[in-house]
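As given, the protein sequences belong to chains A and B, one line each in that order. If you use the working numbering, the first sequence corresponds to residues 50 to 449, in order. If you use the working numbering, the second sequence corresponds to residues 50 to 449, in order.
Since the hints were derived computationally from the structure, they do not count as laboratory data. Source: prediction; values computed, not measured. Even glycine gets a Cβ: it sits at the ideal position worked out from N, Cα and C.
Pair by pair, the computed Cβ-Cβ distance ranges are: (1) Lys140(A) to Thr304(B): 50 to 60 Å; (2) Asn251(A) to Glu268(B): 44 to 54 Å; (3) Asn225(B) to Asn251(A): 42 to 52 Å; (4) Gly332(B) to Glu138(A): 28 to 38 Å; (5) Asn177(B) to Thr329(A): 44 to 54 Å; (6) Glu268(B) to Glu137(A): 44 to 54 Å; (7) Lys386(A) to Glu268(B): 57 to 67 Å; (8) Thr304(B) to Glu98(A): 45 to 55 Å.
Protein chains: 2
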Amino acid sequence: MKNCVIAQSGGPTSVINSSVMGLLSKNNELKVYDKVYAGLNGIEGILKEDLVDMNLLTEEEIETIKHTPSAALGSCRYKLKEYEDSKEEYKKLFEIFARHDIKAFFYAGGNDSQDTVRKLSAYAKDHNIDMNFIGIPKTVDNDLQVIDHAPGFGSAARYIAVSVLESYLDSMVYTNNGIFITETMGRDAGWLAASGALATYNGRRCADIVLLPEVPFDEEKFLSKVRKIYEEKGHVYIVASEGVRLADGSFLAATKAHAHDSFGHAQLGGAGNALKNIITESGITKRVKVLELSTLQRSAFHLASEVDLEEAFKLGERALLLARDGETGKVSILVRKSDEPYEVEYTATDASNIANHVKYMPLDMVTEDGMNITEEAMKYFRPLVGKLPEYRVIHHFHEK
Amino acid sequence: MKNCVIAQSGGPTSVINSSVMGLLSKNNELKVYDKVYAGLNGIEGILKEDLVDMNLLTEEEIETIKHTPSAALGSCRYKLKEYEDSKEEYKKLFEIFARHDIKAFFYAGGNDSQDTVRKLSAYAKDHNIDMNFIGIPKTVDNDLQVIDHAPGFGSAARYIAVSVLESYLDSMVYTNNGIFITETMGRDAGWLAASGALATYNGRRCADIVLLPEVPFDEEKFLSKVRKIYEEKGHVYIVASEGVRLADGSFLAATKAHAHDSFGHAQLGGAGNALKNIITESGITKRVKVLELSTLQRSAFHLASEVDLEEAFKLGERALLLARDGETGKVSILVRKSDEPYEVEYTATDASNIANHVKYMPLDMVTEDGMNITEEAMKYFRPLVGKLPEYRVIHHFHEK
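Start from the sequences, fold in the hints, and give me the full structure.
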């Protein structure tokens, strides 16, 4: 018997299950391993020997799970310690692997999970254990190094772009429309907020302003831009990352969200509400609405990007082949060959290159005033997100 | 020359443009009127003579506008006064109608708009003006009398049901998941919140609790139910209408949202945040997340219900026929003949039957404890929303 186990870790995405089903399907085809176990709730569940034999799944079930958001195997927020600090745990884990004839471990997750891959493969090498450890990347935040883009990101970006377009149309039906703020995820990196810039109506970008964690928030410049646009057309559409921060690195949400309501009480909230407070206090207008896209960004499978879904699947297939070919301590990744026509190449990198690093938005993707994304940068985003719906209205607003 | 004008009023929906395009297409076919004018921004724009000739639209443009959310003609929040209080305005409006040979006025909107239809048709009759005034219903809230359901509702309900399903799957991937609250629109009537009950996973309803404006909120009963479910499975999914209110009629959001944060400051918010405060103060758990679906409920065309889109179109077509047949002061409506197979009949009612009335959820649709919707009631909702995605996960959560 020669089996393998795959598990998921960290926040869910729309396509992380596609990666797992990619690996399972490829193994059904090539029979590299006798059994593919699902380790439920990541390392946490594997330590409890919570394993499910996925060979029992029918073709139809595989197809359904591939098209299911969240984390079909359950997830965990468990960070495996270094061997020196947690010897018993490593011993227990490898006893469980041995008891179930597990010769390969696959972990679908973000940079913490790739750190687990790095630690376990190093341990196995040091102890002459013949096992392969392969990572499969995922994160809606797109903040993983080396890989061109993380699976999960394209679908979240698509959800954001479509939601910006649709809420933009909704926000401008009156003759006096006020200001609309959409808050996206992305605590450290602005990739998700930047995706909001993809939404266009009649050839013009819906988002007048896009705020990223990478560009320190300058209240004066921000208010002056908001005021100018509001005076021009009575409407401003703002996309803001939850991670917008001040020059000293503190989160805007943690400082400016404590504005006071009419009773003299403080008002808490995220970056969107902080911006709302700043705008209303400035006297520009009291008509400010905030939309927090929340967890739907990572779970709205009904808007999954086709490219994202298929790439996630292939990265799972490729992970199996990497283990079969004797690789360990590696992550299945892709690099981009061309924007148009869009083309990627599947390859691998050491888990240490991804573990515990963060990929920020490069500042050359940001416009000079720091409050939007360059048109050139859109070439990076467009193929990941796919074609957006085309809408049309008759009223004059967009001509202003 | 014999022309007509159509305008939109009130909050946008995903399918209000379908009604306008239904009327336009039918007129293109039957040539009842020489020109179909769009009155931009409702009555407010018509009073400024802001008219656009829609006969210039191509078939392709009509198709695109039919599939566009928001209000393609622009909207207004303008409530026309009684004739006695606003004689000049009535005079001006009818002068504009006369100047453009307008013989029929169509108004797509909620109960305020149908009140405008009622007032204008009464004025025309009293002054021997040969014009037809016909209303086309719309509202995501579904709170219009007489009509079986309002166009716009099915699409909003579909958006809510899918969002509940997807955020439910996202909210239960860990072994300890906390409590998730989704807040829907519906200030007076619970139809939208009730739609959240349509979301099921593995044959079981996702929403453990559904709170409606029609059932006075009982904090003690609510907390006792939340506690029981949380102890059983470490997870509770709650759908709450923004209009949840106390026995004295005051909004929960206005009273209980003023809970205090760790700095002793009050925290403002909607019904969802009020419930979060109540739960965290009770000591059940601090892990409570709130999702406010906001304006995407009425603008997420990408999840429009097919039935809703087609019914809205037909109600527009039928409005034209009602005017052609000499009716005035009427609203184009539908009544339901059967749930399964789903069948409706198109008819008309006096605008006065819809104007200024509210259709609440009947209490026999609510479960005995007042905190969910009966299975029997789902027969009303299902055909309006259509088939929901079928998802599947492997982890054990749903077996608990």
